[in-house]
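**Student:** Going down the list, the sequences are from chains A and B. So for the first sequence, our numbering puts the first residue at 35; every next one is plus one. So for the second sequence, our numbering puts the first residue at 806; every next one is plus one.
No lab work stands behind these hints: they were computed from the structure. Be careful, since some hints might not be right.
[To be verified] Simulated pairs of lysine-lysine, DSS-like, Cα-Cα distance not exceeding 27 Å:
{"id": "1", "chain 1": "A", "residue 1": "K310", "chain 2": "B", "residue 2": "K998"}
{"id": "2", "chain 1": "B", "residue 1": "K1301", "chain 2": "B", "residue 2": "K1279"}
{"id": "3", "chain 1": "B", "residue 1": "K1115", "chain 2": "B", "residue 2": "K1188"}
{"id": "4", "chain 1": "B", "residue 1": "K1017", "chain 2": "A", "residue 2": "K251"}
{"id": "5", "chain 1": "B", "residue 1": "K1001", "chain 2": "A", "residue 2": "K212"}
{"id": "6", "chain 1": "A", "residue 1": "K314", "chain 2": "B", "residue 2": "K1279"}
{"id": "7", "chain 1": "A", "residue 1": "K200", "chain 2": "A", "residue 2": "K212"}
{"id": "8", "chain 1": "B", "residue 1": "K1219", "chain 2": "B", "residue 2": "K1147"}
{"id": "9", "chain 1": "B", "residue 1": "K896", "chain 2": "A", "residue 2": "K310"}
{"id": "10", "chain 1": "A", "residue 1": "K314", "chain 2": "B", "residue 2": "K1001"}
{"id": "11", "chain 1": "B", "residue 1": "K998", "chain 2": "A", "residue 2": "K314"}
{"id": "12", "chain 1": "B", "residue 1": "K1342", "chain 2": "B", "residue 2": "K1301"}
{"id": "13", "chain 1": "A", "residue 1": "K314", "chain 2": "B", "residue 2": "K1188"}
{"id": "14", "chain 1": "B", "residue 1": "K1126", "chain 2": "B", "residue 2": "K1143"}
{"id": "15", "chain 1": "B", "residue 1": "K1160", "chain 2": "B", "residue 2": "K896"}
{"id": "16", "chain 1": "B", "residue 1": "K1017", "chain 2": "A", "residue 2": "K310"}
{"id": "17", "chain 1": "B", "residue 1": "K998", "chain 2": "A", "residue 2": "K212"}
{"id": "18", "chain 1": "B", "residue 1": "K1033", "chain 2": "A", "residue 2": "K310"}
{"id": "19", "chain 1": "A", "residue 1": "K303", "chain 2": "B", "residue 2": "K1188"}
{"id": "20", "chain 1": "B", "residue 1": "K1030", "chain 2": "A", "residue 2": "K310"}
{"id": "21", "chain 1": "B", "residue 1": "K908", "chain 2": "B", "residue 2": "K1160"}
{"id": "22", "chain 1": "A", "residue 1": "K314", "chain 2": "B", "residue 2": "K1230"}
{"id": "23", "chain 1": "B", "residue 1": "K1001", "chain 2": "A", "residue 2": "K303"}
{"id": "24", "chain 1": "B", "residue 1": "K1230", "chain 2": "B", "residue 2": "K1273"}
{"id": "25", "chain 1": "B", "residue 1": "K1115", "chain 2": "B", "residue 2": "K1126"}
{"id": "26", "chain 1": "B", "residue 1": "K1279", "chain 2": "A", "residue 2": "K177"}
{"id": "27", "chain 1": "A", "residue 1": "K303", "chain 2": "B", "residue 2": "K1030"}
{"id": "28", "chain 1": "A", "residue 1": "K251", "chain 2": "A", "residue 2": "K198"}
{"id": "29", "chain 1": "A", "residue 1": "K233", "chain 2": "A", "residue 2": "K212"}
{"id": "30", "chain 1": "B", "residue 1": "K1115", "chain 2": "A", "residue 2": "K177"}
{"id": "31", "chain 1": "B", "residue 1": "K1143", "chain 2": "A", "residue 2": "K310"}
In case you want the letters, here they are:
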Amino acid sequence: MVSSIQHGIKRFHLSEEARRQKLAKEEHTIKNYRALTENVLTLKAQGVFNDSAFKKTTDILDVNPEFYTVWNYRRDIIVNHYMQSLGEEGLVDLFDKELLYNMAKFREFPKVYWIWNHRTWLLENHPRVNWENELLLVEKIHKLDPRNFHGWTYRRYIISHMEKDKDLTLQEFEYTTKMINANFSNFSALHNRTKLIPKLFERGLLINTTHAQFLTKELEYLHNAMYTDPDDQSVFIYLRWLLTSDIFVQNIPEEQYIEFLQQELETVKELNQLEKDDGKENSWCLQTVVTINQLIQGQTGEDKSEEITQCLKLLVDVDPLRRNRYIDLMKR
Amino acid sequence: MSIRRPSMAERRSSMTQEGSLRPPVVPHLAGLEKPLPETVPEACDVVIAGTGLTESILAAALAWQGSSVLHIDANDYYGDTTATLTIDQLKTWVERVNKGEIKGYQDAVLYIPRGNEFKSKDFGIDLTPKVLFCKSDLLSLLVTARVYKYLEFLPLSSFHFFENDNFEKMTSTKQDIFTNQTLSLATKRSLMKFIKFSLDWESHPDVWSPYKDASIETFLQEQFKLEKAQIFELIFSIGLCNNNETHTPEALARIKRYLISYDVYGNFPVMYSKYGGAGEISQGFCRSAAVAGATYKLNTKLVSFDPKTKIAQLSDNSCVKINEQIIISPSQAPTDSKFLSKQNYEIQRLTVIVKKDCTQWFHDNESAAVVVFPSGSLESNNKQAVQAIIMGEGSGITAKGTCVWYMSTIETGKRGRDDLEAALKAMEGSILRESSDLDTQDYFDNANGMLNSVKLGQSFKDFVPKEKIQYILKFYYIQFTSIPHAGVVNPNLYRKNSVHVEDDVDAPDRGVIYSSLPSSEISYDGIVTASKILYEKVVGSDDDFFDVDFEDDDDEGSIANNLESAIAEDDDDDEHIVEPGAAPVEFAEDMEL
């Protein structure tokens, strides 16, 4: 609700003076960093794998965690030096330390791919992974930023390992619900739902629930979100998935599926009418009206081009940034 | 004489512990912990009488600005009109009010049933109970003045409002609206639309200016098509308005105050200071003032002031030459004073301590709640709202297993008291109902996982309690103030008395500036404004009000440290330790406030 917030995470603003001081301090750091880089890249080229080189990679990554070459080199050292010299206990110790180091890094830089990449590598090679701990870690990451997609990807990765013992799909589905209830503008959570729903059916986890019943519930849930915030794009994108995904299209009798489409069309049009009454047509509603009409047309062969064209015309005005896309669509 | 409550420093272990998370910025102060000075200085720039919150902020601001300040109080404790008192201190206070010794108060009644096991010092009752909005001028000041370091703040997220003989849960955030299963889709949309609007209402005069002089209720009905339940919730709970007649712009500002305060420090709009509200914060500012060189003297009041010689005579027989101004709280006006401004506005307060923990009203891990009884919701058919702040044992002001209910209304005379009693009765009924066996039937909708508590449903309306509430204390009083209800603090309130009034040459309060008695607000709004206005009266402008560079300003690293501590909080928790009560709110100084 505050403007300087992205994903609800605070940003810090430095004053002009503070910025200048920071730059002066950084100059020194940059000089050191350059020398260190040269040194480490030389060692790497020479194929040196030892303790001292390992420490040097730490020094560089502390400053620049984006330096994937150095992460690669760090792994090479682990494989070629430590994995050769240490026994199992020694290795467990090393990998645990490495996991801690890695955690410190993504706390500081939560959106660097290489850090996550390194973590999954560690888990693959760790002699004894504690997966439960990793899952707790993800929950913590999501407490800090529920929309960190690295966190979500990592969660799926961990679950896939944990599922070797028991199925966690239902638990994971509930987790997404919890996260969506806390804030439905969370496309990562909705996206995870799209991954889980097919599994729920494939694995026979829903007792006494048909595809149609499930879809009805899910749409009701979504209507709450749509009406609460009609400007939230993640909700409409998820709606499109619900209406087009194979899991429902293929498993709901055609007639009933068309009924779903008709009903959704009405709901979205009603919402748009409310928005229009308050002064402005809603671009997400209009786009969804276009999509659903196209779907109905595809299913029934009924000619919907009039309403589609009408919506596209409105969209040209309502959403001028994508003007040409709508004009192009009208030509079809 | 009553036993003194332990001072802040004595109670707060973190102040003295080695390696505590928040070390004190300033050395332990001369003045508050040390014995108070025997004599007062012969001359000073400013004398302030009364250590209420407004006066304490003023004293600290002036002391840090460089003025020499003598801050006196007629009482043997700090806080004056905003004090936090033990039961023994309350007894004395009530006697003194009824003898007419404390101006601005009347009709104090204290009822303490015999035979409970509690001690006077188990309680710290605020004379002016308040909650602190997370985005407010006082909060910013606590941070810039570093006074927050002396205090501990706890979150409060439960705002209830009473309707149809039931407490309703608030729906004030996007997620509340989304997951609420009783609102229609259209209402959800309207409510969310209004909330978005109110966050930036000032920039949309086209929407509200036609309703400039209309009530907020009319505005919400006509412009946002909201229904009564939502309207009342917005007006009374979120806006904390006294009645539904409140004019649209005033009410919008109050609603916005709540909404922008949400999510500043977490999922709660307000906080309160542990161990006592305004009393604790006043003491914090007194400490700060003392660190900056102000002199403190309790048990001392102004006898008279001569504006010609600029000499003030004090009750300890000393005289002080005042170079600049003398500022007095109306509560400490000298005997036979003539210039006390009219205290036109009445506030009635009823405070009770019950032998029940009342955790049913608190959010998980919290120890306080706000309950509002909108116009017309009580048996007494109240015209004005009754507002209540509930504080449980985790608030540090009440004994284990007990709870303090602070109620107040701006209704006057007998009606006011009737309304307060009706509110008390309603709360009593509600807590008995909720803590009975019929309790919470949380209902979980498996299909979409919405958790909805139905514990306060209509079905309990005719519930007859088997037990009775046991009171430890019941405390009623009327307070007057010159600050209009829900109004803006006006500089004219603090005019200096004429020094040339021929008829009143003997008046002991010629040439003094009176501050004001606490307003009816249950938030701290208006207090910093009042302090600033008084500051300006002394210094000439408020430009350098707390314009202080504290040495502990650590520029570099503080951002990282904040992030670090934010994350490090629950670090190695393979075992989860459930702490009783919420963790104190950590302030980040670099946050934009």
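**Student:** Does each hint fit the structure? Answer for all of them.
**Tutor:** Each hint, compared with the structure:
For the suggested pair K310 (chain A) and K998 (chain B), the alpha carbons sit about 13 Å apart, so the restraint of at most 27 Å is met. Straight-line distance between C-alpha atoms of K1301 (chain B) and K1279 (chain B) comes to about 38 Å, which puts the hinted pair past the 27 Å bound. Using a Cα cut-off of 27 Å, the hinted pair K1115 (chain B) and K1188 (chain B) is violated, with the two alpha carbons roughly 48 Å apart. Between K1017 (chain B) and K251 (chain A) the CA atoms are separated by roughly 44 Å; this puts the pair beyond 27 Å, and the hint is violated.
Restraint check for K1001 (chain B) and K212 (chain A): satisfied, since their Cα atoms lie roughly 24 Å apart, inside the 27 Å limit. With a CA separation close to 56 Å, the supplied pair K314 (chain A) and K1279 (chain B) exceeds the 27 Å bound. For the hint linking K200 (chain A) to K212 (chain A), the alpha-carbon distance of about 21 Å falls within 27 Å, and the restraint holds. Between the alpha carbons of K1219 (chain B) and K1147 (chain B) the distance comes to roughly 21 Å, so the proposed pair stays at or under 27 Å and holds.
For the given pair, K896 (chain B) sits about 63 Å from K310 (chain A) by alpha-carbon distance, which is inconsistent with the 27 Å threshold. With a C-alpha separation of about 15 Å, the suggested pair K314 (chain A) and K1001 (chain B) falls inside the 27 Å cut-off, and the hint holds. Taking the CA atoms of K998 (chain B) and K314 (chain A), the gap is near 13 Å; set against the 27 Å cutoff, the hint holds. For the hint pairing K1342 (chain B) with K1301 (chain B), the CA-to-CA distance comes to about 9 Å; that is within 27 Å, so the pair holds.
As the CA atoms of K314 (chain A) and K1188 (chain B) are separated by approximately 39 Å, the hinted pair breaks the 27 Å bound. Distance hint between K1126 (chain B) and K1143 (chain B) is fulfilled; the C-alpha atoms sit about 22 Å from each other, no more than 27 Å. At roughly 20 Å between alpha-carbon atoms, K1160 (chain B) and K896 (chain B) fall within 27 Å of each other, so this suggested pair holds. Under the criterion of a C-alpha separation no larger than 27 Å, the hint pairing K1017 (chain B) with K310 (chain A) is consistent with the structure, at around 26 Å.
Taking the CA atoms of K998 (chain B) and K212 (chain A), the gap is about 24 Å. The hint holds against a cut of 27 Å. Pair hint K1033 (chain B) plus K310 (chain A) holds up; C-alpha atoms about 24 Å apart against a cutoff of 27 Å. Between K303 (chain A) and K1188 (chain B) the CA atoms are separated by roughly 43 Å; this puts the pair beyond 27 Å, and the hint is violated. Between K1030 (chain B) and K310 (chain A) the CA atoms are separated by roughly 15 Å; this keeps the pair inside 27 Å, and the hint holds.
At most 27 Å may separate the alpha-carbon atoms for a hinted pair to count; K908 (chain B) and K1160 (chain B) exceed this at roughly 32 Å. Distance hint between K314 (chain A) and K1230 (chain B) is unfulfilled; the C-alpha atoms sit about 49 Å from each other, more than 27 Å. Among the hinted pairs, K1001 (chain B) with K303 (chain A) is consistent with the structure: their alpha-carbon atoms are about 22 Å apart, no more than 27 Å. For the hint pairing K1230 (chain B) with K1273 (chain B), the CA-to-CA distance comes to about 11 Å; that is within 27 Å, so the pair holds.
Taking the CA atoms of K1115 (chain B) and K1126 (chain B), the gap is near 6 Å; set against the 27 Å cutoff, the hint holds. About 43 Å separates the Cα atoms of K1279 (chain B) and K177 (chain A), which puts this hinted pair outside 27 Å; it is violated. Pair hint K303 (chain A) plus K1030 (chain B) holds up; C-alpha atoms about 20 Å apart against a cutoff of 27 Å. Distance check on the hinted pair: K251 (chain A) and K198 (chain A) sit about 30 Å apart at the alpha-carbon level, beyond 27 Å; violated.
With a C-alpha separation of about 19 Å, the suggested pairing of K233 (chain A) with K212 (chain A) holds against the 27 Å cut-off. Of the pairs offered as hints, the one joining K1115 (chain B) and K177 (chain A) is violated, with about 61 Å between alpha carbons and a cut-off of 27 Å exceeded. Annotation: proposed proximity of K1143 (chain B) to K310 (chain A) is violated, straight-line Cα distance about 63 Å (limit 27 Å).
Violation of the numbered hints given earlier is confined to hints 2, 3, 4, 6, 9, 13, 19, 21, 22, 26, 28, 30 and 31; the remaining hints are satisfied by the structure.
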